[in-house]
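Chemist: Residue strings, one per chain:
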Amino acid sequence: MASALMNKPTGKQEVQSVRQINKELILEVNNLEIFYGEKRAVNEISMVIEKNSITALIGPSGCGKSTFLRSINRMNDLIPGARAEGEIIYEDLNILSEQINVVALRKEIGMVFQKPNPFPKSIYENITHALKFAGIKKKSMLDEIVEESLQKAALWDEVKDRLHKSALSLSGGQQQRLCIARTIAMKPTIMLLDEPSSALDPISNAKVEELIIDLKKDYSIIIVTHNMQQASRISDKTAFFFKGDLIEYDATEKIFTNPSVKKTEEYISGRFG
Amino acid sequence: MNSKTADRIATGVFVAIAIIIISILVGLFSYILVNGLKHISWEFLTTPSSNIRAGGGIRDQLFNSFYILLITMIIAVPLGVGGGIYMAEYAKPGKVTDIIRSCIEVLASLPSIVIGMFGLLMFVNVTGWGYTILGGALALTVFNLPVIVRVSEDSIRAVPRDLKEASLALGITHWHTIKTVILPSAFPSILTGVILAAGRVFGEAAALLFTAGLSTPRLDYTNWNPFSDQSPLNIFRPAETLAVHIWSVNTQGLIPDVEEVSNGSAAVLVISVLLFNLLARWIGRLIHKKITATK
Amino acid sequence: MRLCIYPIMTYFRGVWCIMEKLIPAKDRLLKSKNNWMDGELRGKVLVILCAVIMISATISITIFIGTKGLQSFIKNGVSLFEFLTSTHWNPTDQAKPEYGALPFIFGSFAVTFLSALVAAPLGIGGAIFMTEIAPSWGRKILQPVVELLVGIPSVVYGFIGLTVLVPFIREHVGGLGFSLLSGMIVLSIMILPTITTIATDAISSLPNSLREGSYALGATRWQTIRKVLIPAALPTLLTAIVLGMARAFGEALAVQMVIGNVRNLPSSILDASATLTTIITLNMGHTTYGSVENNTLWSMGLILLVMSFAFILLIRYLSSRRKL
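Protein chains in written order, with my numbering: chain A, 1 to 273; chain B, 1 to 295; chain C, 1 to 324.
To be clear, the hints were calculated from the coordinates, so they are not data collected in a lab.
Accuracy of the hints is not assured; some may be wrong.
Stated by the list, open to error - A short list of chain A residues far from chain B (calculated; beta carbon distances all over 10 angstroms):
{"hint": "1", "residue": "N94"}
{"hint": "2", "residue": "F113"}
{"hint": "3", "residue": "N117"}
{"hint": "4", "residue": "S198"}
{"hint": "5", "residue": "P202"}
{"hint": "6", "residue": "V261"}
{"hint": "7", "residue": "R271"}
As the list claims (entries may be wrong) - Think about it this way: if two alpha-carbon atoms lie no more than 25 angstroms apart in a straight line, the pair counts; the simulated BS3-like pairs of lysine-lysine are:
{"hint": "8", "chain 1": "A", "residue 1": "K152", "chain 2": "A", "residue 2": "K121"}
{"hint": "9", "chain 1": "A", "residue 1": "K132", "chain 2": "C", "residue 2": "K26"}
{"hint": "10", "chain 1": "B", "residue 1": "K179", "chain 2": "A", "residue 2": "K137"}
{"hint": "11", "chain 1": "A", "residue 1": "K51", "chain 2": "A", "residue 2": "K217"}
Here a beta-carbon is modelled for each residue, glycine too, at the ideal position from N, C-alpha and C.
All chains should be built: construct the whole structure from the sequences, respecting the hints.
Modeler: Structure, rendered in structure tokens:
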């Protein structure tokens, strides 16, 4: 039912989709299904993601939003028994295909996780680790990229005097911004954020949110969040997932003020979830 | 007899058992150290042993023990860690993995004398080397491998999944992630396990009787050419280790001071194994501290 | 192609990133000979090789010891029946050599069972002491004690058995001192740590609800241990004992130094005896490689190998019962 709604939009939504066409698309998801062994975690969802926008995925725990997110850069490959059907089109290629070099794909579609997970190395090495692997060996260039990405992540001023100290000495919020910085350093086109601020205190949370909005001009961002205020504050479009189905996908303003599906409204108003 | 009395008697029995176990250990250690330490002197550690006369030392045996241990570890650690990486990171659940697991189980449960017999067949007779350090080290590798594989697999599995995902999500290959993120994190516990295994290898004798032999040629410690017959570094010479020495002087020796020599050797052996254990704990704690350091 | 209208993100002035994005998506993102995991493949081959070496070591040990152990029956015509059931071991008799290995097989099983009989109650008792009687300080003391016992090399056990235990038994109990009894005592101390460690893990991993349920019904600690905890942990406790027995069965030097190594069937626990491992240890170096006597030693080695497979199967059976 949900996908039927998507395919045959009401009049109001048509107006909106005209506006969408002017915007460039970065991802196109067609009939995506994801299974864990026999269990289906995501049911035939289809959606398009706009470039240089923030798309929020919301829904109660276990609704499939994180599973969907992790399939965009093939992190689900790590889970034994996980498999995806349908297609996710990026740059005219179906990234779910066997032919895709997932290592190259993940350089372009970066990911930041729920729990800050810096490497137990220095702040500097946290950023250069992947760069060195990608073939950048020159010290001056590495220094430059470290500075630029830390500045982008609004962390430079706080850490510039202790770049060679352990990243684990940073606070939780700083660690998360470092994780964002090291993803930025790879110059991805899409950034996937899996509840990036749920493990942080309110002040760090605010900083990370500010940062995400700031990143929008360079990246297309897809963010999974449990926090509906966060989704309404920062995102351009919001998708509501429930039990593996994409229930509603629309402009954030519309979802939070005048959702077309009853289930969405119930969730937004906190009646479940 | 009511249940209260029975409970009290049972408690008494368990306490008695604990006391028995502790006194066995205390008895063993005090016997070894009290009788052994008085025979340990610089001279005892640095004079060669004698087959007939009293007053022999354990210089060559001590050197051989450490040298065989070193060669064993050079072979066994890369193999074992590689096997551990395979089991933890690459093996998919299924028939092949089950077979490898069974192989590890079989290797781990083989009596060391059987491994010694296999060594005799493979590394002494088939290769035609005779009794050699290399043959002994290879037999000890077989003996030691399952332990190192298990330790490495467990340590790698204990590395938080977050770290692995962080690295993979940055577009780093699985192998490079293993090399630069997973192995360094697993290193302290692998090292601790390897040192504990080293203690076991150091005291092992049965696997060496028929592979490294019961004799040592006359060694010249100024000769550093590993291809010379008299060089201590030659890996194609027979070598009696300390543990084997204790066994051989007691069962086939002719020296009049068997008891002094064995007491001293046993003390050296036990102290070395003890040091390995302490070292393992200390290094483990040190590296753990360094990695989780807040500053 | 979408790529052409794509603005290139150049907030880094480096040349590298511009180049990267100018390559068409197909070449960037599809697997090809040039980019597909060059290092990845090498690493994978390396660790698979390690696994293969492990498998081949196991298989070659089985095959080599197997064929060598069967030679005395196939090539030298020793009767398998005689080997397993006759008590007459006299391989050096020129006129009529006899190859009855029963005394050694019996000796191996006898010391194994006897030592398990001593070590099992001690080990499980120690485990209960650590987990139930004095969980806080008892464990702190007994745990390192057990670990230190593991660390003592087997020749040291044998040597102390030889210099302390054998004379003690000779003077205070009777017989020569070299006896099944000495072997049993030395082995039971050696397998004690194995049994204690596994038994401790087994009992401490039992859910607390079991204990609470029993105490709530007014049971004493001993009743809880005997009627609830031991039955619940039984399969693992048996595994612990079997692992200890496997170690005892294969132990060579420590036993060899105290058991006396005679070729007769012992008639009492104070009689000297011999086991498969001690005969192998003693005679392997003295017999000519390839001779009938030497080959029979390999047959004994094969029995040790078969027994260690049997112990593994027994342990698997026990752990499959644990899951039920």
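Chemist: Now tell me if each hint is right for this structure.
Modeler: Now for the hints, and whether the structure bears them out:
For A/N94, the shortest C-beta to C-beta distance to chain B comes to about 19 angstroms, beyond the 10 angstroms cut-off, and the non-interface label holds. Look at A/F113: its CB is around 6 angstroms from the nearest CB on chain B, not clear of 10 angstroms, so calling it non-interface is violated. For A/N117, the non-interface assignment is contradicted: its Cβ lies about 4 angstroms from the closest Cβ of chain B, within the 10 angstroms cut-off. Consistency note on A/S198: stated as away from chain B, and its beta-carbon is indeed over 10 angstroms from all of that chain's, at 14 angstroms minimum.
Against the 10 angstroms criterion, A/P202 stays outside the reach of chain B, whose nearest CB is about 23 angstroms from its own CB. Separation of A/V261 from chain B is adequate, the least Cβ-Cβ distance of about 33 angstroms exceeding the 10 angstroms criterion. A cut-off of 10 angstroms between C-beta atoms confirms that A/R271 is not in contact with chain B; the least separation is 34 angstroms. For the proposed pair A/K152 and A/K121, the alpha carbon gap of about 21 angstroms is at most 25 angstroms, so the pair holds.
A threshold of 25 angstroms between alpha carbons decides the hint, and for A/K132 with C/K26 the separation of about 24 angstroms falls inside it, so the pair holds. Restraint check for B/K179 and A/K137: satisfied, since their Cα atoms lie roughly 18 angstroms apart, inside the 25 angstroms limit. Among the hinted pairs, A/K51 with A/K217 is consistent with the structure: their alpha-carbon atoms are about 9 angstroms apart, no more than 25 angstroms.
Comparing the model with each earlier hint shows violations of hints 2 and 3; every other hint is respected.
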